[in-house]
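Engineer: The lines below spell out each chain.
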Amino acid sequence: MFASIDLTVAWALLLAFAVFVYVVLDGFDLGIGILYPFFRKKEDRDIMMNSVAPVWDGNETWLVLGGGGLFAAFPMAYAILMPAVYPPIIAMLLALIFRGVAFEYRWRANSWMSKKSWDAAFIGGSVSAALCQGIILGAFLQGIEVEGRAYAGGWWDWLTPFTLICGLSVVAGYGFLGACWLNMKLEGEIQHRVRLMARGFFVATLVGVVAVSIATYLLQVGLAVRWFAWPQVLLTGPVPVLLALIALALSRSLFVEGRDRMPFLLGLALFALCFLGLGLSVWPYAIPPEVTIWDAAAPAKSQLFMFVGAIVLVPIILAYTGYAYWVFRGKLDPNKGYH
Amino acid sequence: MDTFLGFDAVMLARMQFGFTVAFHFIFPAISIGLASFLAVLNGLYLWTKNEAYLRLFKYWLKIFAISFAMGVVSGIVMSYQFGTNWSVFSDIAGPVIGPLMAYEVLTAFFLEAGFLGIMIFGRDKVGPGLHMFACLMVAVGTAISATWILSVNSWMQTPQGFSIAENGQFVPEDWWAIIFNPSFPYRLAHTLTAAYLTTAFIVGGVGAWHLLRGRRENPGVRTMFSMAMWMAALVAPLQIFLGDMHGINTLEHQPAKVMAMEGHFESHEAGAPLILFGIPDQDAGEMRYSIEIPKLSSLILKHDLNAPLAGLDTIPDDEEPPVAVVFWSFRVMVGLGFAMLGIGLWSLWARFRGRLYDNRWLHRTAVAMGPSGLVAVIAGWITTEVGRQPYVVYGALRTAEAHSPLAASAVGVSLIAFVVIYFVIFGAGVAYILKLMRHAPALGERGVRVEPGPIRTTGITPQQQLREDGHDMAKEGA
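Each protein sequence line maps, in turn, to chains A and B. Taken in order, the first sequence gives residues 1 to 339; the numbers are from the UniProt record's numbering. Taken in order, the second sequence gives residues 1 to 478; the numbers are from the UniProt record's numbering.
Pulled out of the complex, with its shape left as it was, chain A reads as follows (with noise of 0.2 angstroms):
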């Protein structure tokens, strides 16, 4: 018993850093889905594209592994959450069809029409993407309705002005993400333009995370009055504080000093608290309001099976991802990479 309740909390943490990987990850190649119309050259557009072209398979494969381990880990949460979201999951994988096929068939497509089509695929997939990835998010927040071990919640459960404000939040986070990204991997003319997009998405996120925590609050979605009881406020105090500290190293490095690397690790810082702040209001939750992590644990048998070889794996995955990162690493240049 002892060994399961130990399991059932380590799968949660690994699941929990699968799917914020695949938030940064992903986070920022669908923001320069997002940036995109602002930049309508179609040099700036393929030297975006191609910042990301090598690594944007790996970083959506953490989002196989973020749903495939939720159904191994936590069978009875996954086989609730799905139905309960249906139609924003249906339109997510629909989305990143459309924006992933876009990387390969915009280099193929030859006329003015369908090279835009690809275009607008390629921008709206990314936006739409993020904006169900973000409703998903707020469905789960504000609480599904759970009978015996099933969705018992109505068709729309998941559309509400919460969710949609963490849909909105969502897109500004990737699109303030992306640009950092492309901040760091382009110089010249148009890494000026992107530092100009990175501050704009930056406040938009700001606005975006505090406009979530407000309504959190004062909806009484899931579980949040737990924040100011004593002592988990020793636990989530700390939270917004470095929240402030590192927006306020962000405005300097992006306002002021104009640096190179050091907005992307603050995004990532950022988002890395954000997660953790979310994951404190959450836990031990699989499905808020009712349903732990422990009732919705698969038997001891299968989670120590794959936690055998998730705990030899993983760490050998991040090497040889951070070996696939290291080799297109530094800036672009933008005489190459055109077709």
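Wrong hints could be hidden among the right ones.
Within a straight-line C-alpha distance of at most 16 angstroms, the following computed EDC-like cross-link-like pairs (lysine to aspartate or glutamate) qualify [unchecked claim]:
| # | chain 1 | residue 1 | chain 2 | residue 2 |
| --- | --- | --- | --- | --- |
| 1 | B | Lys302 | B | Asp281 |
| 2 | A | Lys116 | A | Asp46 |
| 3 | A | Lys301 | B | Asp281 |
| 4 | B | Lys295 | B | Glu266 |
| 5 | B | Lys295 | B | Glu319 |
| 6 | A | Lys301 | B | Glu173 |
Calculated directly from the structure, the hints in this document are not laboratory data.
Knowing the structure of chain A, use the given hints to seat chain B on it.
Structural biologist: Below, chain B alone, put in the same frame as chain A:
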């Protein structure tokens, strides 16, 4: 009853899963074979320094990149389809199959995706040795992926090594028994071989098309046609042998499926006939207008002309799979398999006569047979999946009890969205692939696109570019 356009939610969910998985399956079937083909080509190029191999590598790499992208995005859909449309199945069977799928992600998907970027863009960045390693990792990754997912699928066909908990969940008891379930080795061998054959016929079809266009002096064209025909000649007979073994294994574990494949409504005491064609009438329980070869079915399945074979009359009606679908899809698969064998033998004969690059009828047939592997793979998939009905986990969980608590309209609308979008998106992808295939592999074939690289001093850039373009010829000359 809650219906949408006359279908209930279960039927719609089945149609959606069947549609998305069949569409998805096309791309891995191509990727598994092409990844190995590319690794072989790259290896041959490094070994022999023969430019034709590099030319072919770059040529097929472009096609691989598109096909792989389509496989990735249609595959992400699959990892969520279980939960969206089959939530009860996910909850109950998740403890057993979930970990196997998690292992697929951890051991295969990351490996493929992690090294794909280097394989496509990284030759000049990491050097030939590491680039070759990346090609191998992608090829190995596709095969590992197939291994896990076929283990999952085989377990759903021949489940063992689990118990049923109080809450209804299947609890794993013996992982070895689960992974190496009885139908797994046969299904794995049969499916992997199918992927290699599929690719061989696509490559052969493209080669033949260019030969017909008078490009027999192009060493790339000759090499690809020759390699593909060797594969057809060697692997098609192997595949028929593996298929037979797989069938015998199915007879042992899922007899009702084989009865549907064979169209045996009636039991035969002494030697069952092989029904070549006929119109199955499941309601009446008989095969109409059948053309039969006496006793041949017993010979194939039991290796004995007079062995008795039970028919569907021994199976309760609510345990029977839909016969017509299984009967026909099986015939499509087997027919194509023998046609592939025919091409393989024909090419051997032409090769022996020294006419491999001149026999226009062989080339025409090879072009026509280009997509045959894809059709056979889908037909085989339908045979085995529909043949498992009415169960989703054979003998343990019925399909009708496994679906999500969703309104029929929700499943119906999303099904329509999938159908429309898949045809548009993947239709465009196929068009781009065909466009790439229309050009013969040329001297100095370009890569997927010149990769983004770190900035070099402005003055040297033109020279760098020059070196890039003349790269292959320089190597060839050296």
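Engineer: Would you mind marking each hint as holding or not holding in the structure?
Structural biologist: We went through each hint and held it up to the structure:
no.: 1; hint: B:Lys302 - B:Asp281; result: violated (26 angstroms)
no.: 2; hint: A:Lys116 - A:Asp46; result: holds (13 angstroms)
no.: 3; hint: A:Lys301 - B:Asp281; result: violated (46 angstroms)
no.: 4; hint: B:Lys295 - B:Glu266; result: holds (14 angstroms)
no.: 5; hint: B:Lys295 - B:Glu319; result: violated (26 angstroms)
no.: 6; hint: A:Lys301 - B:Glu173; result: holds (8 angstroms)
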